[in-house]
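Peer 1: This is what each chain is made of:
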Amino acid sequence: MGYLRGFAVTLRKLFKGTETGRVVTTQYPDEKRPKPVRFHGRHVLNRYEDGMEKCIGCELCAGVCPARCIYVRGADNPPDDPVSPGERFGYVYEINYLRCIHCDLCVEACPTEAITESKLFEFSFTNRADAIYTKDELVVGDDGRPQQLPWEDWHPGDDEHTSAWVRATSPSGRADYEGQVAWSGELGYGIRPPERGQAADEEGDGPDPDDRGHDGHGGHQ
Amino acid sequence: MSAVVGPSVFGLDPLYIGGVGLAEVLITLLKVGAAFALLLMAVMLMIWFERKLISDMQNRIGPNLAGPFGIFQTLADGIKLFFKEDLIPERSDRLVFKLAPFLSLVPAFLVFAVVPVGGDFDGSDGRVSLFGHETFLQVSDPPVGILLVLAMSSVAVYGVMLAGWSSGSKYPLLASVRASAQMVSYEAALGLSLVAVLLKSGSLSTNQIVAEQSMWNWNLWVTWVVPMVVFLIAATAELNRPPFDLVEAEQELVGGFHTEYSSIRFALFFLAEFMNTITMSAIIVTLFLGGPNGPDFTTVGWLSGLLWFFVKLMLFLFAFVWLRATLPRFRYDQLMDLGWKLLIPLSLGWLLVLASYDIAGDRGWNRAAAVIAMLAVMAALAGLLALALRAARQRRELDPQGGFA
Ligand code: SF4
Ligand code: SF4
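Line order of the protein sequences matches chains A and B.
Numbered by my numbering, the letters in the first sequence go through residues 1 to 221 in order.
Numbered by my numbering, the letters in the second sequence go through residues 1001 to 1405 in order.
No lab work stands behind these hints, which were simulated from the structure alone.
Check the hints yourself; a few may be wrong.
Said to hold, decoys possible - Each pair of labels, with its calculated beta carbon distance range:
id	chain 1	residue 1	chain 2	residue 2	range
1	A	W151	B	R1091	38 to 44 Å
2	B	Q1058	A	G185	45 to 51 Å
3	A	R128	B	F1082	28 to 34 Å
4	A	W151	B	V1229	55 to 61 Å
5	B	F1069	A	L11	19 to 25 Å
6	B	Q1401	A	R99	54 to 60 Å
7	B	P1328	A	V24	18 to 24 Å
8	B	A1034	A	R99	51 to 57 Å
9	A	D153	B	A1037	42 to 48 Å
10	A	L11	B	L1352	35 to 41 Å
11	A	G21	B	W1365	52 to 58 Å
12	B	L1303	A	G21	30 to 36 Å
13	A	C103	B	I1264	46 to 52 Å
14	A	R68	B	K1341	50 to 56 Å
Stated by the list, open to error - Calculated lysine to any residue pairs in the SDA-like style (CA-CA distance at most 25 Å, straight line):
id	chain 1	residue 1	chain 2	residue 2
15	A	K16	B	Q1251
16	A	K16	B	I1061
17	B	K1052	A	E31
18	B	K1080	A	F125
19	A	K13	B	R1060
20	A	K13	B	P1068
21	B	K1341	A	L4
22	A	K13	B	A1181
23	B	K1080	A	D30
24	A	K32	B	L1065
25	B	K1052	A	A8
26	A	K16	B	F1049
27	A	K32	A	V181
28	B	K1052	A	L14
29	A	K16	B	I1054
30	A	K16	B	G1067
31	A	K13	B	F1318
32	A	K35	B	I1061
33	B	K1052	A	V23
34	A	K13	B	M1215
35	A	K13	B	S1140
36	B	K1052	A	K35
37	B	K1052	B	Q1251
Because the structure is a prediction, the values reported are computed rather than measured.
Cβ coordinates follow ideal geometry from the N, Cα and C atoms, glycine included.
Produce the entire structure from the sequences given, and follow the hints as far as they go.
Peer 2: See below:
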């Protein structure tokens, strides 16, 4: 009768009141599930707390991008009115969202945490030119929040945690440094607290994925 | 058996006994129109039913936006497909490419014409009174109704085969090779299990077959269940429905035989596929479950027949969806093994056992002895075959080159 057991399984699914028949669908546009903290969405180009841009035009992100969708050109900072601290800044910065696969390798590659991702994924364009985001569109506004373009459907919380991925990582990938701050401050937010690491879970306060990064008590603080 | 009229060009319908006048033509047209509309409606609802039911079995919701419970989803899909661009591949054989969808659609319609969907079979041989004329509740009742069903299911193979062949593309071609092999092999099992029914009914007319089964004398138990099981499996394969949907194996063949089709032609294939599911279920109900036969609980004589037919039909439609939700697809060699090595010998053997049982009854012999003798003969033949196979294998092992060295 082994052949027939499967039929019992599928038949039991018809009884919606039971645990096995539970409907798992989320009616997407009407109801939305909370996004994970490290969700990869549309990029932003961050700025330092004093308003300077973080990007130094090094093109590492463009080099690492597997989809070849970043175009960067650096230029020397004008001495009297520098755009970024240091010698050079990102003069041209474009991301083609028809190609980006949101792998976050660019975020990983960036030496200055200039490029990070927000939580926004509901954006659609009606022409190809809109799909190529220029630097003006990517760079955060004066309050440190991403710019909200007309065809983007932002929801509360999408524009926070833009650098969640950066803060989730131990510096140099060493567990010893877990929870230690090794990143610079951001315009509008200051130095963000580290995400609570695995060590914190061992210490007893259970994992709470939605809470990570808010509470500010990292593993070795 | 009580033949109502002798076979004629119009079939056995009592409508045409007193000659064909305007009223008869109008009633026939009405029946054709009704059957056409009924079938199209049924297909629409069947697609919705299948999608809804299979979603339920997979912890999903399924279509729920178009109309109440998403019941108009099929209509919406149809409208969308109708207005899509119709692409014809450059390398295709244009004429055949355009013809193929209709080759699958038309047979699906024609089969339904011989299915008696209702009628009072307990008293009056399935005749009902329409506007003062006696007639059957089926479009036509040709004396060779069952042969028509078999013929049409064979023609439907051409639709799939030619679609794949004329596409000028490799995946559809592979699918059409699979389709022809699969459908041709399962047709044998289909036909053989059907012969058991014909043996008991002694008629090829669908109306007569149903009439023979009135008063709970269903072929399901008259032929001892096995032919129906074989027929159900072979029919599933014939319909290319899961678990026999190798013709449309998305993982291997992109879309299968209809990969290159788009727009309304694509829709026609699906229309045909679901229509075939419905007509095949109707045929099973007709052949094995007594068609509209069942206890009469209404005052209008023919209404209860219609309802019983519908209930039995739904049973099989549910079963087809259930099969699809449960079973994974067969591998190709498993498919052929099941068809040739199990279903065909089984239905053939069953037929012989039934026949020996019947003949023993007719001649006044001991029925049990006749059946046992038949089984012994078959066992002996199977033994001989096994011996031959073993000898052949031994020779192969002795001479691996097979004489080609
Ligand atoms: S997320 Fe990946 S694909 Fe997108 S821009 Fe960054 S590196 Fe390229
Ligand atoms: S975003 Fe980062 S990696 Fe890319 S050019 Fe600017 S500084 Fe370099």
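Peer 1: A separate judgement is required for each hint: does it hold in the structure or not?
Peer 2: The hints, checked one at a time:
1. A/W151 with B/R1091: 38 to 44 Å: holds (40 Å)
2. B/Q1058 with A/G185: 45 to 51 Å: holds (49 Å)
3. A/R128 with B/F1082: 28 to 34 Å: Taking Cβ atoms as reference, A/R128 and B/F1082 lie about 29 Å apart, which means the hint holds.
4. A/W151 with B/V1229: 55 to 61 Å: holds (58 Å)
5. B/F1069 with A/L11: 19 to 25 Å: Between B/F1069 and A/L11, where Cβ atoms are some 21 Å apart, the hint holds.
6. B/Q1401 with A/R99: 54 to 60 Å: Hint holds: Cβ distance 57 Å, inside 54 to 60 Å.
7. B/P1328 with A/V24: 18 to 24 Å: 21 Å Cβ-Cβ, so the 18 to 24 Å window holds.
8. B/A1034 with A/R99: 51 to 57 Å: The hinted range 51 to 57 Å holds for B/A1034 and A/R99, with Cβ atoms some 56 Å apart.
9. A/D153 with B/A1037: 42 to 48 Å: Given a distance of about 44 Å, which is inside 42 to 48 Å, the answer is holds.
10. A/L11 with B/L1352: 35 to 41 Å: holds (36 Å)
11. A/G21 with B/W1365: 52 to 58 Å: At roughly 55 Å between Cβ atoms, B/W1365 and A/G21 fall inside 52 to 58 Å, so the hint holds.
12. B/L1303 with A/G21: 30 to 36 Å: The hint (30 to 36 Å, Cβ to Cβ) holds, given that B/L1303 and A/G21 are roughly 35 Å apart.
13. A/C103 with B/I1264: 46 to 52 Å: violated (40 Å)
14. A/R68 with B/K1341: 50 to 56 Å: holds (54 Å)
15. A/K16 with B/Q1251: Judged against 25 Å, a Cα distance of about 31 Å means the pair is violated.
16. A/K16 with B/I1061: With a Cα-Cα distance of about 11 Å, the restraint between A/K16 and B/I1061 holds, given a limit of 25 Å.
17. B/K1052 with A/E31: Cα-Cα ~21 Å, so holds.
18. B/K1080 with A/F125: holds (22 Å)
19. A/K13 with B/R1060: With Cα atoms ~10 Å apart, A/K13 and B/R1060 stay inside 25 Å; holds.
20. A/K13 with B/P1068: holds (22 Å)
21. B/K1341 with A/L4: holds (21 Å)
22. A/K13 with B/A1181: violated (35 Å)
23. B/K1080 with A/D30: Distance of about 24 Å is within 25 Å: holds.
24. A/K32 with B/L1065: holds (17 Å)
25. B/K1052 with A/A8: holds (18 Å)
26. A/K16 with B/F1049: holds (17 Å)
27. A/K32 with A/V181: Between A/K32 and A/V181 the Cα gap is close to 32 Å, so the pair fails against 25 Å, i.e. violated.
28. B/K1052 with A/L14: holds (11 Å)
29. A/K16 with B/I1054: holds (13 Å)
30. A/K16 with B/G1067: This hinted pair holds, its Cα atoms lying about 22 Å apart.
31. A/K13 with B/F1318: This hinted pair holds, its Cα atoms lying about 14 Å apart.
32. A/K35 with B/I1061: Distance ~22 Å between A/K35 and B/I1061 Cα, so the pair holds.
33. B/K1052 with A/V23: Within the cut-off at roughly 12 Å; holds.
34. A/K13 with B/M1215: violated (37 Å)
35. A/K13 with B/S1140: Since the Cα atoms of A/K13 and B/S1140 sit roughly 41 Å apart, the hinted pair is violated (cutoff 25 Å).
36. B/K1052 with A/K35: violated (29 Å)
37. B/K1052 with B/Q1251: Given pair B/K1052, B/Q1251 holds - Cα atoms ~23 Å apart, limit 25 Å.
Checked against the numbered hints above, the structure violates hints 13, 15, 22, 27, 34, 35, 36; every other hint is satisfied.
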